[in-house]
Amino acid sequence: MKRNDIAFWIGAVVFLAAVLVMTQVVANQYPFFAGYVILQSIALAVAWSILGGYAGYVNFGTSAFYGVGVYASVFMVSAFGAPLPLQILTGAAVGALMGLALGLLTLRMQGIFFSIATIALTIVIETTITNWRYVGGAAGIQIQRPAVTSPFDSYVQMLFFVQAVLVVLAVAISRYIQNSWIGRGLQALRDDELAAECSGVPTLRLKLLACVISGALMCAIGAPAAMYLQYADPGSAFNLNYSVTTLAMSLIGGTAHWAGPIIGAILLGTTQQVLTVTISSEVNLLVLGLMLVLFVVGAPEGIVGLINKLRGHRKEGEI
Amino acid sequence: MFSLDLLLDAVVIGVLLGCFYGAVSLGLSVSFGLLDVPHVAHPAFLVLASYAVYFLNENYAVDPLVAGLLITPIFFLLGLAAYRLYYETFEKRGSDASVRGIAFFFGIAFIIEVLIILQFGVDQRSVTASYIGKAWRLSDIRVPYRLLVAFAVATALTMLLTLYLSRTFMGRAIRAVAQDQEALRLMGANPIKVKQWAFGIATAVLGIAGALLIIVAPVDPTLDRAYIGRTFCVVVMAGLGSLGGTLVAAIILGVAESIVLTLFGASWAPAISFAMLLGILAVRPQGLFGRRS
Amino acid sequence: MTLSETQAPLLRICALTKRFGGFTALHRVSVDIRPGERFGLIGPNGSGKTTLINCISGAFRTEPGTILFRDEDITPLQPHLRTRRGIARSFQIPRPFRSMTVAENLMVALDFAAHEHVSVTQRRDTMMSILDQMGLGSKVNVLATQLSQVELRKMELARAMATHPKLLISDEAMAGLSSSEVDEVLDLLLSLASRDITIIMIEHIMQAVMRFSERVMCLDAGRIIAIGAPSEVMADKRVQEAYLGT
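Protein chains in written order, with full-length UniProt numbering: chain L, 1 to 319; chain F, 1 to 293; chain X, 1 to 246.
None of these hints come from the bench; they were simulated from the model. These figures come from a predicted structure and were not determined experimentally. Each residue gets a CB set at the ideal place from its N, CA and C atoms; glycine is no exception. Don't take every hint at face value.
[As the list claims (entries may be wrong)] Pairwise CB distance ranges (calculated): (1) D180(F) / A7(L): 36 to 46 Å; (2) Q110(L) / F264(F): 54 to 64 Å; (3) L69(F) / I279(L): 52 to 62 Å; (4) A217(F) / G298(L): 30 to 40 Å; (5) G111(L) / L85(F): 51 to 61 Å; (6) G22(X) / G111(L): 26 to 36 Å; (7) L97(L) / P64(X): 30 to 40 Å; (8) P64(X) / Q110(L): 21 to 31 Å; (9) T17(X) / K2(L): 53 to 63 Å; (10) R185(F) / G22(X): 48 to 58 Å; (11) L97(L) / E63(X): 33 to 43 Å; (12) L89(L) / T222(F): 26 to 36 Å; (13) L97(L) / I227(X): 44 to 54 Å; (14) T17(X) / A7(L): 51 to 61 Å.
[Unchecked claim] Chain X is faced by these chain L residues, among others (derived, beta-carbon under 7 Å): (15) R3; (16) D5; (17) D192; (18) L194; (19) A195; (20) C198; (21) S199; (22) P202.
The shape of chain L in the complex, shown without the other chains (with noise of 0.2 Å):
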């Protein structure tokens, strides 16, 4: 367990290393501004799989939480002119009130119902946003960035390493959970609430505890994106696409792990920014959701379960 954790934690240090060294040597902006909506889906999977995953409630609302980080930051700056970490900060307690609202909500609805629900709440939120005239309603509002903090040449370059540190942080809670007595217990649920229940877990207060830190991670996620867009829609803020999208990395990843939607979200998210420049991103997102499918039939633990497969069930013997 402790090598374990060692390991993880180098690997977590050299990356953003990594991160900070391409910032500096590499001029071409447009790796970073790939490389932003790349990183930006590998958290909102890890994020999504907290509650999608672990717990089996299948979340649709991705866009709201993202499209409320979103907006945290467009009315942060607006008001206050608040500086980025302070965005990100607001985006996160936000999203962690969201997903308590979100939990409470639906405590006791199951599978689809619950699915159905987180819909609702997207559409919802974004109907409340586009009459929300202050935030730019319908039309949208413009973001001004402010002046680039050194050691970065440009904005783009410092949100792209801001989105990294945010890829490690959902990482970590996520491979924290799983590692957990939270994560056993989610697992428990996920699999039968009543007989988890009377296992003695706590059932409602695990569902509202993954609720609670998927959200604030989303939500945070969502943040930099104002600054990086300067420009803020409650049409593509709240684009459902993004909850498909989120959805199918993880599931094609593999949910059962936590690299399983690191994984998925690094294929198909470079598939699609590959296909997106090559080809359209109407096709992108018809490879996305044919992908989708053909894994949830041929393969319903994803990439994880196949590589495990292959393995022949080399993990049996740990607990």
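With chain L's structure known, arrange chains F and X on it following the hints.
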């Protein structure tokens, strides 16, 4: 700005609109309400039907309602195939399958959306027919014929399906399968076959419903997202599987939408059905006419 | 009057009523379960046995009526809190955690229901000793979905035991088993009972109930129609009628 006339107008339009919502929700009332299939792709099939009707109308000048009838058998077969796939890959496996089943239908909906975009583009499409574009005046209330047509067909469709489910052998088997699969098995019927047939019927109804959808207003490829709210709101409010309840719930939704539209403007309209759905799920998940707790 | 009758009851059910819509599943059921007792619960299908269990374990809310466990009113408590107080159950249709191995199934109970903070090694030891006792020692790392019917039943009991129960409710743990398997499970329950665990056993297999129980209660249509020594209850005319159907 607010007047009684305006309100009356809104209520009349709302009732007509509601009956139309009932018609597009009928299929879901069977597939989700009776069969417990998490059919999130229902609205996507609906929009697909609209585009099929559009295609026939645009290229061969077929009347939209006739076109709707023409595609009904194809949608029936589509439904049979979809249920078979769903059953083989998810329902049979049980337990964990529900998570994947939801994702499966979500993926299907997404694929349909993108295919429509690739074929027809993102622009709105509409059909032409003699009854589209004109209105019927009743003193101060102006009722578009397209809504009246939709209302008439929707009501007929609901009655037909209700009769089918209560009077025919297969219809009664479908209702039985929702209550007690084992009993049905003992009677010598294969519950899977019955469910597959029911899913086929539920999808076939979408042929006509899709025609109504494009008669009432122009459609675009992502219209299914708005109809996730409307159809699920209606079915959940009605209480799963209650066809009569479906019509009542749909009228409630139609009137609510129409009144909010009149009082607060179109920008709030998309949220009505979703907000009602959220409220019902949180407060009374068994619906107004629910069959189980 | 025997000694056990003067003791305070472990579980006291007072005037418990449970309705589903217009249907009354339990009507003013009152009964005391004594510490260490082996208690059999019988009744025809739909008589309210499982409903009663669900009320005791907290899966169902009860409207009127109270449940006292070790002199504490547990009626408002959620199921997991009742489990932590010492009430464990198995399910009529086994409900294993399907994505987990046998060991992990038990670890859930040990992680969440165990009262004292013990180290991982200690918990592993407890788990192994429970599994050995249940005859599942060789199945530690087998996925729950790969167990046979009798093994699933045993694992359910093992998982219940891992919560350190004072009261164990076994809901038809022998349904669908062969007669030798029934004896196996019955012996297990008897050996648990000899370790100071109070057991309520719901069962349709009459020989098992007769052999196991010190006291038997028969429910019919949500009411207690007989309670007492097994032989008395079996001889009761109303019990026989309930089973034969009037």
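Results for each hint:
1. At about 55 Å, the beta-carbon gap between D180(F) and A7(L) misses the expected band of 36 to 46 Å.
2. For Q110(L) and F264(F), the Cβ-Cβ distance of about 33 Å falls outside the hinted range of 54 to 64 Å, so the restraint is violated.
3. Taking the beta carbon of each, L69(F) and I279(L) are about 38 Å apart, not inside 52 to 62 Å as hinted.
4. At roughly 39 Å, the beta-carbon separation of A217(F) and G298(L) lies within the given 30 to 40 Å, and the hint holds.
5. Range check, G111(L) to L85(F): Cβ separation about 19 Å, and the 51 to 61 Å hint is violated.
6. For G22(X) and G111(L), the hinted distance range of 26 to 36 Å is satisfied, since their beta carbons lie about 27 Å from each other.
7. Between L97(L) and P64(X) the beta carbon distance is about 38 Å. The supplied range of 30 to 40 Å therefore holds.
8. Distance hint for P64(X) and Q110(L): a CB-CB separation of about 28 Å, consistent with the stated range 21 to 31 Å.
9. Roughly 55 Å separates the CB atoms of T17(X) and K2(L), a value that falls within the hinted 53 to 63 Å.
10. Remark: the range hint 48 to 58 Å for R185(F) to G22(X) is contradicted by a beta-carbon distance near 29 Å.
11. A hinted range of 33 to 43 Å for the beta carbons of L97(L) and E63(X) is consistent with their spacing of about 34 Å.
12. The hint said 26 to 36 Å for the Cβ distance between L89(L) and T222(F), and at roughly 34 Å that hint holds.
13. For the pair L97(L) and I227(X), the beta carbons lie near 53 Å from each other, so the given range of 44 to 54 Å is met.
14. In this structure, T17(X) and A7(L) meet the distance hint of 51 to 61 Å, their C-beta atoms being roughly 58 Å apart.
15. Given hint, R3(L) at the interface with chain X, is violated; its Cβ is 16 Å from that chain's nearest Cβ, farther than 7 Å.
16. Given hint, D5(L) at the interface with chain X, is violated; its Cβ is 15 Å from that chain's nearest Cβ, farther than 7 Å.
17. Interface hint status for D192(L): upheld, as the beta-carbon distance to the closest one in chain X is roughly 5 Å, under 7 Å.
18. About 6 Å separates the beta-carbon of L194(L) from the nearest beta-carbon of chain X, less than 7 Å, and the hint is met.
19. At its closest, the beta carbon of A195(L) sits 4 Å from a beta carbon of chain X; the interface hint therefore holds under the 7 Å criterion.
20. A least Cβ separation of about 6 Å between C198(L) and chain X falls short of the 7 Å threshold, and the interface hint therefore holds.
21. Here the hint on S199(L) is kept, as its CB sits about 4 Å from the closest CB of chain X, short of 7 Å.
22. Taking 7 Å as the C-beta cut-off, the interface hint given for P202(L) holds, the closest approach to chain X being about 5 Å.
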